[in-house]
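Listed below are the residues making up each chain.
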Amino acid sequence: MTSKIPGADEFTSRPMPRAELLAQISPSLPLHTGDDATEVNALTYEVVRHRLWAITQEMGETLRRMSGSHVVTESNDFNFSICDELGEQVQVGTYNIGLIGSMDLAITWTLRHRSDNPGIEEGDMFLCNDPWIGGGLHQNDAAVLAPIFHEGRLFGWTTAIAHQVDLGGPRPGSFDPAAQDVFGEALPTPPMKVVRGGVLQRDVADAWVRRSRLPHLVGLDLRAKIAANRGAAEQILRLIDKYGADTVKSVMRRMTDDAERRLRAKLETLPNGTWSAVGYQEQSRSGDRGLHAIKVAMTKEGDKLVFDFRGTAEQTGIINCPYPGLRAGIVFTMLPLLAGDIPWAAGGLMRCFEIVTDEDTITNASFPAAVGKGPFGPAWGSGNLVAEVLAKMLDAEPDHRTDVQSICNGTTDLCVVSGVDTRGGGSKGFVSPVFDVMAGGYGAQVHHDGVDTGGRLIIPSARAPDVEMTEYLYPLVALWRREQTDSGGPGRQRGGMSGSVCYVQHPDQRSSLSLVVSGTGKVANQNVGLAGGYPGNSQLDLVVRGIGDPQLASASAIPAELDDLGGEIEVLPCEGTSSLGAGDALYLHWQAGGGYGDPLLRPAEAVRDDVVAIRVSADAAREVYGVVVTDGEVDAMATAETREKLRRRRATGAGRADAAPVPVTEPALAGSRRLDDNLAVLDTTVVCTHCGTGIGPLAGGEFVGALARRDTAPTEAGPHIWRDPSVYVDAEMVFRQLFCPGCLTAVYSRVVPVDHPLPDDDYGSRA
Amino acid sequence: MPYALGIDVGGTFTDAVASDGAGRIVSAKTPTTPPQREVGVMRAIEELAAELSIEVGEMLAQTDFIAHGTTASINALVQGTVADVGLIATKGHRDSIYIMNAEGRTLGRSADEVQDTLRQRKPAPLIPKYRALEVTERVDHAGRVLVPLDEDEVRRVARALVEQGVEAIAVCLLWSFKNGDHERRVRELIHEIDPDLYVTLSCEVSPRIREFSRTSTTIMNAQIGPRLRTYLTPLQRQLEEGGLKGPLLVMQSEGGTITADRAPEHAITTVGSVLSGGVIGGQRLARQLGHRNVITTDVGGTTFLAGLIVDGEPVMAPGSIVNQFPINAATIRVHTIGSGGGALASVDAGGNLRLGPQSAEAVPGPACYAGGGTRPTNTDANLVLGILSERGLLGGRKPLSTELARAAIREHVAEPLGLTVEEAAIAIHEVQNAQAGDLLRRAVVQAGYDPRDFVAYAFGGAGPAHCAGYCQDLGVAEVVVPLGPVASAFSAYGLAASDVALSAELSDPSSFPVGHDVLAAHFDRLETDLQRALDRQKVKFHDVTLQREIDLRYSMQVNELAVTLPDTEITEASGDEIVERFEEQYERINGSGAGFREAGVQAITYRMRAKAGLGFPVVLPDIPEADGPDPSAALLEERSVCLDSQIGYVPTPVYDYSRLRAGHELVGPAVVDVPTTVVVVPDGVTGRVDRLGNLVLRYQRDQ
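So the sequence lines, in the order shown, correspond to chains A and B.
The first sequence maps to residues 0 to 766 in numbering that gives the first Met the number 0.
The second sequence maps to residues 0 to 702 in numbering that gives the first Met the number 0.
Everything labelled a hint here was simulated from the structure, so no lab data went into it.
Computed from a predicted model, the values in this text were never measured in an experiment.
A virtual CB, placed ideally from N, CA and C, is assigned to each residue, including glycine.
Among the hints, erroneous ones may be present.
[Claimed, not checked] Chain A is faced by these chain B residues, among others (derived, beta-carbon under 8 Å): (1) K90; (2) N100; (3) E102; (4) T105; (5) D115; (6) K128; (7) L145; (8) V146; (9) Q434; (10) E583; (11) R587; (12) N589; (13) A593.
[Unchecked claim] Using 25 Å as the maximum straight-line C-alpha spacing, the simulated SDA-like pairs for lysine to any residue come out as follows: (14) A:K303 x B:E152; (15) A:K427 x B:L145; (16) A:K303 x B:G594; (17) A:K192 x A:K241; (18) B:K128 x A:E267; (19) A:K427 x B:G594; (20) B:K537 x B:R261; (21) B:K128 x A:A556; (22) A:K241 x B:L145.
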């Protein structure tokens, strides 16, 4: 809200009180407020509610059926909502939740700035891809907002939004790792009337597709979104015809109120306190070698949450998102973690939290910051931190421990491939991100391992394409696509594995392909483990130059490992560009989920099963889990020995070489209240749940100072952690662990810069 | 007298129907006898013969064909009691079946479940990783061999799997549907090691792009094929020894049949056989009643299944999902739309009444069955409402306990919502109807149709008690409850009445305009293929009809739309006509103005479907006519029944179905007791008995 460009602040949207919003809407636009609605009986409520739910699902099917975009048809990167007259979302889809995280802000902006000129009328639809206004999180997210009128009054809105592969700008895919500001990216477009009186406006549609390298695809998707909105409007009007506008509006109000009431009731049962988390964006743009912190302190009091992001780094490079992105980052984490069992009447859920933030930061950037990386950079990064603080809060309440989940794949592994496809003698330009990376690992839970190659927390219906679809569409051949052994964060519960994919050019491809890569989590892992669980793998993107069998031209074998490829490895930066030539291979290893609890406490049989199922290597089983597996069976004696040795090694590393570790006995600790897997509070003292050792006072987090602490090289965490951080950043990186000073069970295990703050949580009502 | 037999081997009962083609139809019901299901089948056949008062041998000697459907394969898949299978995949791509395109967490799950993100996990893998092995070979998107098959490696891998004791091997290599040479060679090499081992090739069982669903289909085929073989082989032998004249045919999910000797090889195409039987039964009945568009609803204890018949033909789907794994086998589209009669009623944390998705299943069953169930179901509500009588169904099942039903409803619904037991019962009844009606409507609308153009059929144990309610908001013209001689064996009737349906397809992606010579050449080839396939069925056919289809899309799209070609000679004008049909159909589904001709139109897959009648009219017989519309001669009793929350309990006539005659008219509120079910005729609805003994319900607003 403090742009140095005069006039830019007009193009921003923040939540505002209803009265203030109403005052800014042109009186020429009559609203259906449903104020005279009467009580709706339970039956009608259920029928109408089910139907609204069904309508959003149908919107998804329409979009997927009509779209030509790989992103939509193969990867479900889209979403929908049904909103009331002021844009409060009553029902949202289960696709990319980030895409509805700030849709209400786009509608309120439209109401404020379009209701008198050009007017909002029956049969109109508005197209928007301005990340400062809301709807999408970056310019690639294009929304179509459709007002619904009944008897001349604005009854509500439906929205359809999807990621568009290319909307122009200097680089294919519309994302430029070297952008100086938003003028070096795709053009943000504030809401414009693309459908007027039911007719697609050809001039507006042409202006829209003309900017793209893929005008036909963008044109098809535009029509698909319009059709999805139109179908939804028809059905909502049919519902109104049958039950009356006031009744339908009452149901909508009750849905949001009900969702709010249920979330507040859940929050009431959780402990009050303040939990903090700090994460990093690596490299602000091509050539940068810094780490840029995002900080959050979440305070829960009574039935509400406050997310305080003060202290987050100032806006810089390309790793920025405007306010709607920050809000979406909270929403796309909060809905699956706190509201899985509450209907997603998102408007009601959004009433339960507040945001406190500085201006001009990487998570609240002002115009004209480069924001193309918003969703998978700072917004996702904020979401990971929100997931961490929510998990810590939930872990302290026994009834909610089933809702605790370590962090999933920390972000996407973006690699946009583009060029001219010359297969079959043709020459067709193409642009596409590699979507195999959708198969990220899920974080471990208290009672379950994370789901292997499970998808995305923030896109509950995420999908990766079949290899055959990728090879059909683009001139690539996949040497392999597989689940990556050892990638899941080690823990008492193991994080879900991620995968890797390796592509070479198809033999008929005659020209080099361009690559744009972006991804944070290559050194400061974002897929963190909780309660002592280790992080999942470091993201790793490589181009191997001069491989033994270019384009498989004369191959009689197929390389199965990086070592089999031959050639020179080029490590791709966190933010940068590269190319894929005839003699090259592209390797992407995206992120797994974090573990939960200390891997030394994982039952040996579970580790053996992991070894048999090729999820964990025998080496990692021994080195990280301390479990010795020989011929598919646990060697119990060797395992006990190894685990004891590893605990002693921890003690030595923490400067306590002389004290023998206290045995793990899982004492009863009557009268204690649990904080997480390892720690409980007895009276006012934090004790270890595994050996009973009293650690220190909970008040003021004093016990943290009494934990044993060890900083080692990142690879101490396992073979899945990148060995040489200096390839990417200047900061000194360490694998930091905090242990129970008695039994040396890990209670905290992170790969962080050496100046990373120690945990600072206030378990207010547990103290 | 020639006969046609339909046999439906369900989980609990084996139903059978015999028709003599001249208006006589008899049915039989015997317990299913796992693991030797053929024993129960032979018993059902004996019962049919007894009903016809002839010897079994005599009947079999005059039987033109037996159409057979079984739930054994689908149940084995659902319960995981399948053969141990090994997989051979392309080097580097074994994990396709484990990665599951990342959608394994949510495939086939309801939207409510998907939203509950933290609880969604992948299913147990179809096979352990150590039984999934890779071989060096590579084919590209055009079917060209990039890396030759390493035959020594294949031998090593096959031997390793055989040594692990696998009962079957599934082979799924990348792009095999474009070039199946490598897969076929792998089979030869396996058979050099073990000539009898059951081997499934993906290029034969599912020649379609997208390797995840193709692999999944291939593995599941290998998991059920060997056991289908061990079941069908002795059954066929016994029937032949018993003198069976015609072939034993196995129903396929897509509504056609396959001969028993070839069925095991294509086992996966038969998993939906019994579900499809109900839709086919509906189709046959529709033909007799002159209905073009029908919504069939089959409501059992646990599930509510719906199928669509449009223009006299069942609506198809290209695949289905079992245990979160996809099956690529064309199937009559059967929508599982929620819960059946045993659906549990509960009140959720937000104070909303919910029905299902959990069900009381056969054990413990509804509370009123006194089988130990304490949670209320639809059936319990129906008992409290008086729809069901305490003496149970007329068919002689055991009595029901109103006391237990009331206690369950009181504790779990009435008290939490502050309602009386009676109010809670009618709320359960009405919410079930509203919920089912909504889902049903969605299924119809999503398939691109307007329910107002349809009539609905309702069968299954719980369908008739609810159909007037769940169809009310659909806007259908009428609801037919089939009650003739096959009321309790409707799926078996569908089996007996089925046609042989076969299809052949070829893939040739190309942009329009496509030359008419190309179109003609493709369809000529497909017709030759189909004719050969029909010859293999060993049955006499009559009226073979062929239908040509092309899957089309706008050139940048990924999903195609199947467009049926007119039944005329292909000429130079055909290309334009096809594009016009495509755009017309596209706009019908996606809304007017949705078309985008600027993007260009592409043809992807050419398909020809053959439908061949079995030369045998399986028609339902007429029943005796009534003297007039007054049904009082069939009045069984009058009891207090509540069918509508706005009306409450009123004295309601209850009729005995066996005494109803064609032409009788029932004015709601009324209840009809049938041996196997109860039909509800609410206020505002009238029911007329038609000439086949069906009860036809109409809403008075339409009259």
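Quiz item: For which of the previously enumerated hints does the structure constitute a violation, in increasing order of number?
Solution: 10, 11, 14, 16, 17, 18 and 22
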